[in-house]
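Next come the chains, spelled out residue by residue.
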Amino acid sequence: MGPGWKLPPLERMEGGYYLSIASPQEELPIVAIRALIPSGSWDDPPGKEGLNFLTAQLLQQGTRKRSAEEIHRKIDSLGGRFHIDANFDYTMVGITVLREDLSEALDLLVEILREPAFPEEEFHKRKRRLLGQIASQKDRPGGVARAAFLEALWGKRGYGHDPKGLEESVQGIEMEDVTEHYRRRLCEGPFIWVACGDVNPEKWWGMLRGAMEGWGHPPSEEESHREDLPPRGKILALDRKIPQATVLMGQRSIDATHPDLFDFLVMNYILGGGGFGSRLVDRIRSKKGMAYSAFSRLEALLRGGIFVCGFQTENSNVREAMAICQEEAERIRVEPVSLRELDEAKGFLVGSFPMKIDSIGSFATNLALWEFYGLGPEYPVRFTSSVTKATVESVMKTAREHLDPHSWVSVVVGDLERTKIEAERI
Amino acid sequence: MELSPFLSSIQEARLSNGSRALFRRRRGSPLATFQVWYKVGSRNEPLGKSGLSHLVEHMMFKGTEKMAPEEFSRIIQAHGGQTNAFTTKDFTAYYVVMAKEKIPVAMDLELERMTALRLTPQDFQIEKSVVMEERRLRTETQPEAHLLEELEAIAFTSHPYRWPIIGWMEDLEALTLEDVEDHLRKYYVPSNALFLGIADTEPGEWFELLESRFGSLAPGNATPRVDVREPTQRGERRTVIRRKAEVGMVAMGFHVPQVGHEDAMALEVLACVLAGGKSSRLYRRLVQKEALAVDVGCENPLLSVDPGLFTIAARVIPGHPLERVEDAIWQEVEDLKCSQIQEDVKRAKETLRRSLLLALDSLMTQAMIIAQWDLCAGWWKLGGYLSLMEEVTWEKVREVALKYLCPENRSVGWLVPQGSQ
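Just so you know, the sequences run in chain order C and W. Numbered by this note's numbering, the letters in the first sequence go through residues -7 to 418 in order. Numbered by this note's numbering, the letters in the second sequence go through residues 2 to 422 in order.
Okay, chain C solo, but in the shape it has when bound (with noise of 0.2 Å):
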């Protein structure tokens, strides 16, 4: 544990839900509340990527009892800092308020997520909407980038599109789709509650209890998803006249309940996700100048991973910098890393997880991210010793396991010509 740092009380809440609460520090009359939901980008059917996140936005845009222009209204009165998340593998509504507002913005969340009304005409505005979201993320080379990445990893379905979905997929969503995905999705839970913050729990729990009444049923069977094995060893590209050009390159990777984890991330932070600490930084950016973002990572998620370097830097750089990626992927393999690298890898790693929940909102997601991934409100603790166990034979060992560079597939998004390199175009 990070000095000085205790874990909170947590309470749980028996039936088909849970809920936590938590105050960190207790100076300001702040509340956060968080609504998960399992369903996610992950759970699109086919050909209509994007409905789950069209569907979570679309709960905001009326309900049985008020207009979207009343919620919007009644979110700003709130203070604003109100927001839905529809990612790869959940859906959460969360909202962060004084604390004198607590009830009425429980009152509010609950209204949103029981009874929306999904009126025809806010559907094909908020899908209009969408559409030109999608659009713009064309106009950047690192959101084109990553969308090629998904896919080529995964295929369109899974983890293989954006959460908000392709331009084409998104097109065809009609709004019988969107209620029935709310009804066999997102309405059903199990939810998972956090209220974080300067609040009383019995109060908070009187509320909670009086709201789920009735609602709340264990998930519906997932569907099983065939999946494609991806390419090995390819190198895909799309040949945009920019001055600079984007690379990521990776493959699939551990889910966030690996026994591996905690070595692959003293392992990644070493590689590339330490920043001035990591070696991809040190001989990309420090040594040669040749960009100003180099990195590694993981995404460990519930049905599996994802593993990216990434950088960018000036067309004619792009081959040597992706052979320095390949060269450190393959050298941490093989050798050892250094004492000193370990010690600050896992230094940063456990003393900076005070971090995760400074504020009472990111404790309040982190505590319902650790509940969802089946991590547990002990996971700071664990994090811990795990994290310090780490040795130089378990970070070569995991190095080995999990990382296959000659694997790897590329994604260059850039003015092919200069870049001079061989590639499938896309």
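Calculated directly from the structure, the hints in this document are not laboratory data. Note that beta-carbon positions come from the ideal geometry of N, C-alpha and C, so glycine has one too. Any given hint could turn out to be false.
As the list claims (entries may be wrong) - Listed below are the simulated DSSO-like cross-link pairs for lysine-lysine, each with C-alpha atoms no more than 30 Å apart in a straight line:
{"#": "1", "chain 1": "C", "residue 1": "K148", "chain 2": "W", "residue 2": "K347"}
{"#": "2", "chain 1": "C", "residue 1": "K117", "chain 2": "W", "residue 2": "K279"}
{"#": "3", "chain 1": "W", "residue 1": "K347", "chain 2": "C", "residue 2": "K66"}
Stated by the list, open to error - Here are some, though not all, of the chain W residues that point toward chain C, as calculated from beta-carbon distances under 8 Å:
{"#": "4", "residue": "K40"}
{"#": "5", "residue": "R75"}
{"#": "6", "residue": "Q78"}
{"#": "7", "residue": "V227"}
{"#": "8", "residue": "P319"}
{"#": "9", "residue": "L323"}
{"#": "10", "residue": "E324"}
{"#": "11", "residue": "R325"}
{"#": "12", "residue": "S356"}
Let chain C serve as the given structure and place chain W on it in line with the hints.
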């Protein structure tokens, strides 16, 4: 909930050499932040040297007599901390967030680079390349950022706010190591710095930690003043960027005064009436009712050293003419000038009040609020923020809309997409 408990926990001190220090005790927090803010930004750059302040910020991480390049960051991270820096038009700030017990490590490292920074031609060339890559990343490959950069360039004619913080590529190419050294000598002196801390520590202990390290540094000479006043704009200016993009953008900028001016708080409320939250007038019309825009935003440069640019920007849903979106924005602005906007103003004031209080949840946001208020107006003026805002009437909001959001004070930029990428 009001701001007084927050403000009453801020203490100010002067070190022996005259340097200013602010500290806030944050009870129950295992994390602390230590920051050094220099009153220098792109505003202080000479003509043809745009990007110099930001490049200097990068060079501060390049090592000292005792530390190798980037060693500063490695050491902080190995202690479980995070460190970075940022440059604005007015300031350059260096910050560390880490366990409160480890803060002396950060102070020692800061002292080391304040007094023994080592600049080599090789490190300079590498870092200049890094900054040029950063410019390509943030602006040259991003159509919307390109437009906003151009909008500022036409809105200001003589004030340094007309060039981008990261600098024009041509200026970056021409910058030299001597430019960096000169800038450091002029502006990186204790008398031009603010030491800021937030931690669950006795204030006296904190100030002692500072005094023992920084109190004996020579205060340095007075920094050069920037006395440029932007001439009054006397007619509309326009720019059109045509480039490959999927989504177009319409942006408008208006010269407005900053904190301290009698109109500043009404302008803050006006920005929120127009585009603060989903019940704001522009969001309701452009996004919610007419579905013309992906989103719309409005920014008022309240915390600015010199008068800045009040901006409205909307990303246009493909298929809609930019002209229609510009007309819709302008109609809404014109409607506001002659409407009964009591309800809008009431909502905006409540939104602003709650937003500020809720923002105090985060350590870094607390630090940003204290430092920016201090360097632009004096930190204690934050205390009057809510009461001054409360005094803003709906008539005053309409008055500042009429006064500043007028065609002769307007600069307009269009990003016209030239087909799919």
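Do the hints match the structure? See the list:
| no. | hint | result |
| --- | --- | --- |
| 1 | K148(C) / K347(W) | 47 Å, violated |
| 2 | K117(C) / K279(W) | 15 Å, holds |
| 3 | K347(W) / K66(C) | 13 Å, holds |
| 4 | K40 | 26 Å, violated |
| 5 | R75 | 5 Å, holds |
| 6 | Q78 | 4 Å, holds |
| 7 | V227 | 28 Å, violated |
| 8 | P319 | 5 Å, holds |
| 9 | L323 | 14 Å, violated |
| 10 | E324 | 17 Å, violated |
| 11 | R325 | 14 Å, violated |
| 12 | S356 | 6 Å, holds |
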